[in-house]
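Asker: Those protein sequences? They're chains A and B, same order as listed.
All letters in the first sequence, in the order written, are residues 2 to 499 by my numbering.
All letters in the second sequence, in the order written, are residues 6 to 506 by my numbering.
Honestly, I wouldn't trust all of these hints.
Pulled from the structure, derived: some chain B residues nowhere near chain A, Cβ distances all over 12 Å [what the hints assert, rightly or not]: (1) GLU111; (2) VAL291; (3) CYS383; (4) GLU457.
Just some of the chain A residues that point at chain B, by a computed CB distance under 7 Å [said to hold, decoys possible]: (5) MET299; (6) ALA303; (7) GLY306; (8) PHE410; (9) LEU487.
Derived by calculation from the structure, the hints in this document are not laboratory data.
Glycine included, every Cβ here is placed at the ideal spot set by N, Cα and C.
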Amino acid sequence: MVNSAAYLDLAKACLPELALTATSLLVLFLDLVWARELEDTRRRRVLLAAFLSGGALALLTTFLWPFAGIAPGGMWSLGATGLVVKQGLIVMGLLSACLMAPGDWSEHAGEYFAVLALALVGMLCMASAEHLLMIFASVELASLSLYILTALNKGQRESTEAGLKYFLFGGVAAAFLLYGFSLLYGATGEMTLKALGAKLAAGSPDPLVWVAVAMVVAGFGFKVAVVPFHWWAPDVYQGAPAASAALIASGSKVASFWLMLKFMGSGLAGAAGDGSWGHFVSGWMPLLAGVAALSMVMGNIAALGQSSVRRLLAFSAVSHGGYLLLGILAQGEQGAASVVFYSLVYGFSSIGAFGVVSFVENAAGHDRFDAFTGLSKRSPVLAFSLMALLLSLAGVPPLAGFFGKFYLFAAVAAVKPLGWMWLVSIAIAMSCVSLYYYLLVLKQAYVAAPTREDMPPLEIPLCARLTVLFVVVVLFVLGFFPEFLLGRIHHALKLGVL
Amino acid sequence: MLAWTLYSAFLGVLVLMFVPVPGARWARGVALASSLTGLGIALLEAVKFKPAGELITIQKWAWIPSLGIDFHLAYDGISLTLVLLTGIASVAGILFSWNVEKRPREFFAFYLALIGGVHGVFLSFDLFQLFVFYEIAIIPKYFLIAIWGSTNREFGAMKLALYSFVGSALVLAVMVAAYVLSGSQTFSLPELAKVGFSADFQRWAFPVSFVGFAILAGLWPFHTWAPTGHVAAPTAASMLLAGVVMKLGAYGALRVSMALFPQGLKIWHESIGWLAVAGIVLGALVALAQSDFKFVIGYSSVSHMGFVLLGLASMNIAGLVGAVLQMFSHGILAGLLFGVVGRMVYDRAHTRNLDELKQLNLGRELPFAAATFVLAGCASMGLPGFSGFVAELQVLMGAWKRFPWMAIAAGLGIVVGAAYTLRAMQRAFFAADAGVLAPGTTESAAPHDPWEPISCAEKLGAVSLLAISIAIGLYPAWMMIWIQSAFDGAFFAGLRKVVGW
Numbered sequence: 002m003v004n005s006a007a008y009l010d011l012a013k014a015c016l017p018e019l020a021l022t023a024t025s026l027l028v029l030f031l032d033l034v035w036a037r038e039l040e041d042t043r044r045r046r047v048l049l050a051a052f053l054s055g056g057a058l059a060l061l062t063t064f065l066w067p068f069a070g071i072a073p074g075g076m077w078s079l080g081a082t083g084l085v086v087k088q089g090l091i092v093m094g095l096l097s098a099c100l101m102a103p104g105d106w107s108e109h110a111g112e113y114f115a116v117l118a119l120a121l122v123g124m125l126c127m128a129s130a131e132h133l134l135m136i137f138a139s140v141e142l143a144s145l146s147l148y149i150l151t152a153l154n155k156g157q158r159e160s161t162e163a164g165l166k167y168f169l170f171g172g173v174a175a176a177f178l179l180y181g182f183s184l185l186y187g188a189t190g191e192m193t194l195k196a197l198g199a200k201l202a203a204g205s206p207d208p209l210v211w212v213a214v215a216m217v218v219a220g221f222g223f224k225v226a227v228v229p230f231h232w233w234a235p236d237v238y239q240g241a242p243a244a245s246a247a248l249i250a251s252g253s254k255v256a257s258f259w260l261m262l263k264f265m266g267s268g269l270a271g272a273a274g275d276g277s278w279g280h281f282v283s284g285w286m287p288l289l290a291g292v293a294a295l296s297m298v299m300g301n302i303a304a305l306g307q308s309s310v311r312r313l314l315a316f317s318a319v320s321h322g323g324y325l326l327l328g329i330l331a332q333g334e335q336g337a338a339s340v341v342f343y344s345l346v347y348g349f350s351s352i353g354a355f356g357v358v359s360f361v362e363n364a365a366g367h368d369r370f371d372a373f374t375g376l377s378k379r380s381p382v383l384a385f386s387l388m389a390l391l392l393s394l395a396g397v398p399p400l401a402g403f404f405g406k407f408y409l410f411a412a413v414a415a416v417k418p419l420g421w422m423w424l425v426s427i428a429i430a431m432s433c434v435s436l437y438y439y440l441l442v443l444k445q446a447y448v449a450a451p452t453r454e455d456m457p458p459l460e461i462p463l464c465a466r467l468t469v470l471f472v473v474v475v476l477f478v479l480g481f482f483p484e485f486l487l488g489r490i491h492h493a494l495k496l497g498v499l
Numbered sequence: 006m007l008a009w010t011l012y013s014a015f016l017g018v019l020v021l022m023f024v025p026v027p028g029a030r031w032a033r034g035v036a037l038a039s040s041l042t043g044l045g046i047a048l049l050e051a052v053k054f055k056p057a058g059e060l061i062t063i064q065k066w067a068w069i070p071s072l073g074i075d076f077h078l079a080y081d082g083i084s085l086t087l088v089l090l091t092g093i094a095s096v097a098g099i100l101f102s103w104n105v106e107k108r109p110r111e112f113f114a115f116y117l118a119l120i121g122g123v124h125g126v127f128l129s130f131d132l133f134q135l136f137v138f139y140e141i142a143i144i145p146k147y148f149l150i151a152i153w154g155s156t157n158r159e160f161g162a163m164k165l166a167l168y169s170f171v172g173s174a175l176v177l178a179v180m181v182a183a184y185v186l187s188g189s190q191t192f193s194l195p196e197l198a199k200v201g202f203s204a205d206f207q208r209w210a211f212p213v214s215f216v217g218f219a220i221l222a223g224l225w226p227f228h229t230w231a232p233t234g235h236v237a238a239p240t241a242a243s244m245l246l247a248g249v250v251m252k253l254g255a256y257g258a259l260r261v262s263m264a265l266f267p268q269g270l271k272i273w274h275e276s277i278g279w280l281a282v283a284g285i286v287l288g289a290l291v292a293l294a295q296s297d298f299k300f301v302i303g304y305s306s307v308s309h310m311g312f313v314l315l316g317l318a319s320m321n322i323a324g325l326v327g328a329v330l331q332m333f334s335h336g337i338l339a340g341l342l343f344g345v346v347g348r349m350v351y352d353r354a355h356t357r358n359l360d361e362l363k364q365l366n367l368g369r370e371l372p373f374a375a376a377t378f379v380l381a382g383c384a385s386m387g388l389p390g391f392s393g394f395v396a397e398l399q400v401l402m403g404a405w406k407r408f409p410w411m412a413i414a415a416g417l418g419i420v421v422g423a424a425y426t427l428r429a430m431q432r433a434f435f436a437a438d439a440g441v442l443a444p445g446t447t448e449s450a451a452p453h454d455p456w457e458p459i460s461c462a463e464k465l466g467a468v469s470l471l472a473i474s475i476a477i478g479l480y481p482a483w484m485m486i487w488i489q490s491a492f493d494g495a496f497f498a499g500l501r502k503v504v505g506w
């Protein structure tokens with residue numbers, strides 16, 4: 002059935018994944034035969050350079066040989082939009098790698114970059130997978146790699162604890178997902194998303210399908226950390242090494258939301274139901290709407306009470322997950338475009354935020370609010386970056402986060418004109434709440450006077466500094482000219498295949 | 006060319022951020038140059054302006070074509086009036102903050118960002134763009150107050166930021182809904198004003214967006230951010246807050262809520278009128294009971310902004326023109342009053358408590374401050390010859406036609422206004438028992454001997470603000486023609502049809 006020409010097609014379709022897998026092996030190999038002998042800093046630099054060049058190559062292949070279409074067997078599809086997502090994912094992986102700071106776990110630098118590359122491969126596969134088994138395999142590849150990345154700082158209790166928690170929660174989530182998938186297969190006998198969607202739409206509602214839908218929502222809910230499946234997030238965000246946390250907050254979110262968008266929109270198209278005001282029909286839409294509302298409310302309110310900036314970012318991530326679900330509910334071109342735009346912007350801001358947090362934390366030894374005191378004096382550039390990053394998360398113009406949020410709201414409000422206004426109202430109200438806690442952090446950075454005059458200057462490795470600046474520039478550029486990315490996404494969506 | 010009012014402000018921000026200017030002098034210089042450019046351009050355009058009633062587009066290009074969002078800068082008589090006000094207030098604010106030595110670069114960068122945002126709102130004729138500028142103005146306010154403020158600054162700053170954000174959230178909800186319902190894939194205000202939304206939609210969209218905007222205009226009972234914010238803010242920021250930022254709210258209510266949802270206005274105008282009257286009367290009464298000099302002015306702002314809202318709610322041309330004129334007039338006078346209290350008095354006496362000021366014999370020590378306050382107070386009380394008189398008279402005439410009882414109540418507010426102004430004036434500057442103090446205590450009560458003389462910058466700022474107020478007071482017609490022409494223009498056709506003038 003699959004001939005040699007088809008294999009060539011398949012290879013072409015997986016070029017970035019192949020490049021990254023090779024990078025992973027290359028890094029391990031380099032580390033084993035040569036880099037291990039080097040002095041710590043040099044070793045890290047060599048490995049980072051190897052990883053970055055491999056990643057850059059993967060990025061390059063997406064531009065040089067963009068594959069569009071469905072690979073043989075229907076396991077794998079890649080449309081122009083998926084390509085944008087993949088490019089975003091690779092860039093996020095590269096940026097997260099740059100944040101790796103010298104620390105007490107740098108003897109694992111080789112493993113770190115190798116696993117990071119594998120995590121990226123998993124995420125890229127998530128962006129392309131069209132088949133239940135493929136989806137599950139790629140989700141697990143990404144998740145397992147992320148568990149390792151979380152627990153990599155073995156010497157530190159929090160890191161190990163976070164890794165274990167993440168693993169246990171993630172394991173349960175995977176079980177839910179798999180159970181849901183097997184029920185779906187049982188109910189329809191189909192494995193690819195398109196066929197599944199068609200069968201579900203044609204058949205009469207089956208109680209089995211409802212159970213499956215609930216399971217799938219729970220499984221994905223764990224992955225994207227939305228209420229009530231979010232409990233792992235604060236601990237992981239707090240305990241994981243900053244570079245790993247940055248990837249969990251960015252790449253993993255982008256890939257999961259993209260996959261969820263595809264899965265809900267095409268795989269479960271027949272079981273959507275409706276949750277808009279006055280048109281209630283059971284299905285995944287009302288379920289997701291409830292989850293979204295809970296996430297926005299709980300995430301934002303819980304964030305108010307945090308004193309650790311990392312935990313604050315975790316709860317804010319929960320609320321952002323809630324906003325993103327709005328885009329999934331919107332479906333259609335506008336919905337898809339808004340999810341892609343917002344998740345990319347959100348991912349970039351998170352990477353930057355974790356970068357800043359990690360520098361501050363390295364200097365102060367903790368990430369509580371008072372570590373940020375007087376940041377504007379100690380490092381004006383960093384303080385300004387933090388302001389841009391957090392205000393973008395809060396959705397204040399002229400930063401990209403504002404337009405992202407606005408577009409999400411507009412997209413979902415446009416469905417059955419104003420049918421979802423109840424959810425949009427909650428979202429808007431809750432973003433007011435979020436401004437308060439972001440401002441609390443900024444208040445420490447800008448308003449509070451340093452407790453000591455002789456605060457040590459912040460030591461920031463060059464590539465980490467560049468990463469943060471890059472993200473800030475991206476946020477401003479996309480804030481002033483959202484069309485730059487939005488135009489690409491829309492153009493891609495017009496080409497058809499998700 | 007008017008676009009450069011806004012560009013010069015943001016250019017100033019960039020210069021202050023990226024060019025390492027040495028010392029406060031240079032930072033001040035950059036800020037002053039930037040806002041003088043803005044004012045100069047506004048004046049030039051004002052001289053050239055022919056009140057014809059049509060929108061004059063400065064720039065228009067597709068900004069986010071996927072959503073039909075344009076970058077559309079344009080102006081009519083109302084915009085021009087308020088741009089001019091912003092230019093004046095920004096220059097005056099810098100003159101009155103000549104003594105800022107703490108983190109001057111950041112101070113003026115935030116200050117100019119705020120000015121730029123305000124100019125942007127007044128010149129935007131695309132709803133999305135207007136909203137963007139409206140929100141850009143929020144964050145600088147927070148930092149200006151939280152870093153350089155006084156009394157309870159962090160609380161005041163946060164309260165103000167959250168109130169503003171909640172207000173803009175209400176606006177955002179209506180904006181999204183209006184975009185979706187218009188069915189025309191556009192955010193262009195002139196287009197949206199032509200749509201004629203269904204009465205059911207207007208019934209809720211109008212109050213939500215009007216209140217959203219009016220929170221920033223100090224609409225009672227959502228006004229409480231104003232006094233605390235004004236009091237906490239550094240002088241220049243209070244001048245801007247009371248002078249122009251509160252006008253943003255009133256302007257938004259007029260330009261967006263009233264123009265887009267005129268039928269909603271018809272349903273709700275009476276309730277809004279009563280809230281405005283409540284603001285006028287209660288604001289004045291509360292001001293009467295304050296012991297902090299700045300709180301007096303802060304509550305007086307709420308009271309005076311009540312006239313703006315009353316004018317808007319009166320739904321006739323006299324009231325509307327009066328409302329806009331009052332925006333201008335109050336912008337000038339509030340700036341002046343806050344300048345006197347915050348810079349001339351507080352920075353020297355280091356107290357704003359009226360009972361303590363009593364002891365300081367300021368009338369004799371700072372005669373210039375006293376004279377300025379007397380004149381500004383007269384203007385604020387609504388004495389003929391000053392701008393406040395014409396504006397409030399117009400509003401009262403408008404209100405009288407629509408709801409006589411409200412006009413009477415508002416008139417009562419003016420009387421109370423005279424009372425609190427005179428009370429504060431008497432206590433701060435002309436306390437009768439100042440000289441009666443025992444010889445020994447007089448010296449100890451005036452610890453800042455000799456008083457730092459009133460600087461040239463302050464004098465210049467005060468005199469020019471007063472001169473403008475008197476100029477408008479003596480010959481208001483030129484500005485009223487601008488404003489009237491805008492109301493007669495095509496933009497307000499929908500409002501005109503429903504309200505009928």
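Asker: All hints, please: hold or fail.
Answerer: Verification of the supplied hints:
{"no.": "1", "hint": "GLU111", "in the structure": "violated (8 Å)"}
{"no.": "2", "hint": "VAL291", "in the structure": "holds (27 Å)"}
{"no.": "3", "hint": "CYS383", "in the structure": "holds (38 Å)"}
{"no.": "4", "hint": "GLU457", "in the structure": "holds (26 Å)"}
{"no.": "5", "hint": "MET299", "in the structure": "violated (19 Å)"}
{"no.": "6", "hint": "ALA303", "in the structure": "violated (18 Å)"}
{"no.": "7", "hint": "GLY306", "in the structure": "violated (16 Å)"}
{"no.": "8", "hint": "PHE410", "in the structure": "holds (5 Å)"}
{"no.": "9", "hint": "LEU487", "in the structure": "holds (5 Å)"}
In the structure shown, a violation is registered for the earlier hints numbered 1, 5, 6 and 7, in ascending order.
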